[in-house]
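Protein sequences, first through last, are from chains Z and D.
Taken in order, the first sequence gives residues 1 to 111; the numbers are from the working numbering.
Taken in order, the second sequence gives residues 1001 to 1225; the numbers are from the working numbering.
One should not assume that every hint holds.
Stated by the list, open to error - Listed below are the simulated SDA-like cross-link pairs for lysine to any residue, each with C-alpha atoms no more than 25 Å apart in a straight line:
hint : chain 1 : residue 1 : chain 2 : residue 2
1    : D       : K1146     : Z       : D28
2    : D       : K1019     : D       : D1132
3    : D       : K1146     : Z       : S62
4    : D       : K1146     : D       : Q1064
5    : D       : K1033     : Z       : V78
6    : D       : K1163     : Z       : S66
7    : D       : K1189     : D       : L1020
8    : Z       : K37       : Z       : I84
9    : Z       : K90       : D       : L1044
10   : Z       : K3        : D       : F1123
11   : D       : K1054     : Z       : G80
12   : D       : K1146     : D       : D1132
13   : Z       : K91       : D       : E1053
14   : Z       : K35       : Z       : S59
15   : D       : K1163     : Z       : S59
16   : D       : K1033     : D       : I1176
17   : D       : K1017     : D       : H1173
18   : D       : K1017     : D       : Y1119
19   : Z       : K3        : D       : D1114
20   : D       : K1019     : D       : M1175
21   : D       : K1033     : Z       : I102
22   : Z       : K91       : D       : Q1064
23   : D       : K1033     : D       : D1043
24   : D       : K1163     : Z       : M86
25   : Z       : K91       : D       : V1089
26   : Z       : K35       : Z       : E55
27   : D       : K1146     : Z       : V78
28   : Z       : K3        : D       : V1089
29   : Z       : K91       : Z       : E55
30   : D       : K1086     : Z       : D43
31   : Z       : K91       : D       : G1058
32   : Z       : K3        : D       : I1176
33   : D       : K1054     : Z       : V78
34   : D       : K1146     : Z       : E42
Claimed, not checked - If you want a taste of the chain Z side facing chain D, the calculated C-beta under 7 Å gives, among others:
hint : residue
35   : Y14
36   : A17
37   : L19
38   : P25
39   : A26
40   : L29
Simulated from the structure, these hints should not be mistaken for laboratory data.
What you are looking at is a predicted structure, and each value in this text was computed from that prediction instead of being measured.
All C-beta atoms, glycine included, are put in the ideal place defined by N, C-alpha and C.
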Amino acid sequence: MYKIAVLGDRDSIYGFASLGLDVCPAEDLTEAAGKLKRLAEEDYAVIYVTEAVFEGLASEISRYESQQIPAVIPIPGVSGNTGIGMLNVKKTVEQAVGSDIIFNSENERSR
Amino acid sequence: MAATHVNPTRMELTRLKKKLVTAMRGHRLLKDKRDELMRQYLDLVRLNRSLREKVEEGIRSANQNFVLARAGMPDEEVNVALMAPKQEVSLEVSQRNVMSVEVPVFQYQTRTSDPNDIYSYGFAFTSGDLDDAVKSLADLLPDMLKLAEVEKSCRLMAAEIEKTRRRVNALEHIMIPDLQENIKYITMKLDENERSTQIRLMKVKDMMLEEAHHYKEKAEEAFAG
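Isolated chain Z, as found in the complex (with noise of 0.2 Å):
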C-alpha cells in the first residue's frame, strides 16, 4: 500500500493536510532536497512538490526520472503558477517527437 506526500513551503500545502495527504514542509532547498530523498526510499508512490522546489532540486528529480515511482509532480505553490509544469511536459513531448508539435500548433492557431 502507497501513500502520497507533498513538499514544499508550509504556506503552499498545509492545506492538503486535510484530504489525508502527507505534508512535508521544507524551509530551504537543502532541507527539501533531505526530505526528498527520504521521502522517495519510503513507500510513496506520487510526490507532489511546488515549482519551486522543483526547479531547485531539478537534478535530484531527475534521478527517479526513469523510476515507475515514486511519480514527482510539480504542482504551483501559493506564490503563483510560473509555468514550469507545463515547460516539463513540454519538454517531454521535445523529446519524444524532437521538435513540440503539440504546444506550437497551439501558439500558431491562436495567432
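Mind docking chain D on chain Z? Use the hints.
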C-alpha cells in the same frame, strides 16, 4: 563505408546475409513499435496537458480560498484545525503495459468513506472560508492523482520513444547499409576469385594444348621426313 575488414569467404557471406535478414526484420518491428508508441503518447500528452491546466487552475483557486480563510481567522487556529487530519488516502499501484513500457496505474482509497471526513475540525471556531478551501482541494484530488499517473506515463513513454527512435535510426542508417555494403564486397570478391580461377584454367589448358600440338607437329615432321 566498410571500415572493418571482412573475410571474403562464403561462410562470412552466409553469416552476413542472415544478419541482414534479422536486422531488416528488427527494423520493421521497431518502426511499428515506435509508430504505435507515438500514437498512444500523443493522445496521452494531450490528456496530460488538459489535466495540468485543470489542476493548476484548481490549485490556484484553492490557494485563494486558503488565503481568504487565513485572513478570517488567526494563524494558530488554522494550524490547530488542520493539525490532526481525519482522512487518510492510500494508493494501490498496479501496472499497465503499453507497448512494452510499464506505466503505473494509481487507484486511491480513502480510509473512511464519509466525504465529510476531510473537515478535521469542529465548525464552531473556524470560518466558513476554511471549509470552502478544504472542499475545493478535496474536489481536486482525483484529478491530481490522474495527473500524476498520466504525467509519469508520459515521461516513461517519452524516454522509451527516444530509445526506440535511436535504435530504428541506427538500424536504418548504419547497420543495414553497412551489412549491404559488406555483402556486396564479398560477392564481388568471390566473383573476382572465380573469374581469375577460370582464366587460370583456360591458360593452363592452352599451354597444355600447345605442348600437345608441338609433339604432334614434331611427329608429323618426323613422319614426312
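Evaluation of the provided hints:
With a C-alpha separation of about 29 Å, the suggested pair D/K1146 and Z/D28 falls outside the 25 Å cut-off, and the hint is violated. A threshold of 25 Å between alpha carbons decides the hint, and for D/K1019 with D/D1132 the separation of about 67 Å lies outside it, so the pair is violated. Restraint check: the Cα-Cα separation between D/K1146 and Z/S62 comes to about 21 Å, which is no more than 25 Å; the hinted pair holds. Annotation: proposed proximity of D/K1146 to D/Q1064 holds, straight-line Cα distance about 23 Å (limit 25 Å).
For the hint pairing D/K1033 with Z/V78, the CA-to-CA distance comes to about 42 Å; that exceeds 25 Å, so the pair is violated. Taking the CA atoms of D/K1163 and Z/S66, the gap is about 12 Å. The hint holds against a cut of 25 Å. For the hint pairing D/K1189 with D/L1020, the CA-to-CA distance comes to about 19 Å; that is within 25 Å, so the pair holds. A hinted pair counts as satisfied when its Cα atoms are at most 25 Å apart, and Z/K37 with Z/I84 qualifies at roughly 21 Å.
A hinted pair counts as satisfied when its Cα atoms are at most 25 Å apart, and Z/K90 with D/L1044 qualifies at roughly 13 Å. For the suggested pair Z/K3 and D/F1123, the alpha carbons sit about 28 Å apart, so the restraint of at most 25 Å is broken. Of the pairs offered as hints, the one joining D/K1054 and Z/G80 holds, with about 15 Å between alpha carbons and a cut-off of 25 Å not exceeded. This hinted pair checks out: D/K1146 and D/D1132 have alpha carbons roughly 22 Å apart, not beyond 25 Å.
A distance of roughly 16 Å separates the Cα atoms of Z/K91 and D/E1053; the hinted pair therefore holds under the 25 Å criterion. The straight-line distance between the Cα atoms of Z/K35 and Z/S59 is roughly 15 Å, inside the 25 Å bound, and the hint therefore holds. For the hint linking D/K1163 to Z/S59, the alpha-carbon distance of about 21 Å falls within 25 Å, and the restraint holds. At most 25 Å may separate the alpha-carbon atoms for a hinted pair to count; D/K1033 and D/I1176 meet this at roughly 18 Å.
In summary, the hint linking D/K1017 to D/H1173 is supported, as the alpha carbons are separated by about 17 Å, within the 25 Å threshold. Only pairs whose Cα atoms come within 25 Å are accepted, and D/K1017 paired with D/Y1119 is rejected, the gap being roughly 71 Å. At most 25 Å may separate the alpha-carbon atoms for a hinted pair to count; Z/K3 and D/D1114 meet this at roughly 19 Å. Of the supplied pair hints, the one linking D/K1019 and D/M1175 holds, its CA atoms being roughly 10 Å apart against a limit of 25 Å.
With a C-alpha separation of about 21 Å, the suggested pair D/K1033 and Z/I102 falls inside the 25 Å cut-off, and the hint holds. For the suggested pair Z/K91 and D/Q1064, the alpha carbons sit about 29 Å apart, so the restraint of at most 25 Å is broken. At most 25 Å may separate the alpha-carbon atoms for a hinted pair to count; D/K1033 and D/D1043 meet this at roughly 16 Å. Distance check on the hinted pair: D/K1163 and Z/M86 sit about 23 Å apart at the alpha-carbon level, within 25 Å; holds.
Under the criterion of a C-alpha separation no larger than 25 Å, the hint pairing Z/K91 with D/V1089 is inconsistent with the structure, at around 31 Å. With a C-alpha separation of about 16 Å, the suggested pairing of Z/K35 with Z/E55 holds against the 25 Å cut-off. Using a Cα cut-off of 25 Å, the hinted pair D/K1146 and Z/V78 holds, with the two alpha carbons roughly 22 Å apart. Between Z/K3 and D/V1089, the direct Cα distance comes to roughly 7 Å. Compliance with the 25 Å bound is thereby established for this hinted pair.
Proposed proximity of Z/K91 and Z/E55 is supported: the alpha carbons are some 14 Å apart, at most 25 Å. With a CA separation close to 21 Å, the supplied pair D/K1086 and Z/D43 stays within the 25 Å bound. Note on Z/K91 and D/G1058: the hinted pairing holds, with a Cα-Cα distance of about 23 Å set against a maximum of 25 Å. With a C-alpha separation of about 48 Å, the suggested pairing of Z/K3 with D/I1176 is violated against the 25 Å cut-off.
With a C-alpha separation of about 16 Å, the suggested pair D/K1054 and Z/V78 falls inside the 25 Å cut-off, and the hint holds. Taking the CA atoms of D/K1146 and Z/E42, the gap is about 21 Å. The hint holds against a cut of 25 Å. For Z/Y14, the interface hint holds, the least distance from its beta-carbon to any beta-carbon of chain D being 6 Å, beneath 7 Å. Hint on Z/A17 holds. Least Cβ distance to chain D is approximately 5 Å, under the 7 Å limit.
Hint status for Z/L19: holds, given a least beta-carbon distance of 5 Å to chain D, under 7 Å. At a threshold of 7 Å, the smallest CB-CB gap from Z/P25 to chain D is about 11 Å, leaving the interface hint violated. For the restraint placing Z/A26 at the interface with chain D, the shortest Cβ-Cβ distance is roughly 17 Å, beyond the 7 Å limit, so the hint is violated. Interface hint status for Z/L29: violated, as the beta-carbon distance to the closest one in chain D is roughly 21 Å, over 7 Å.
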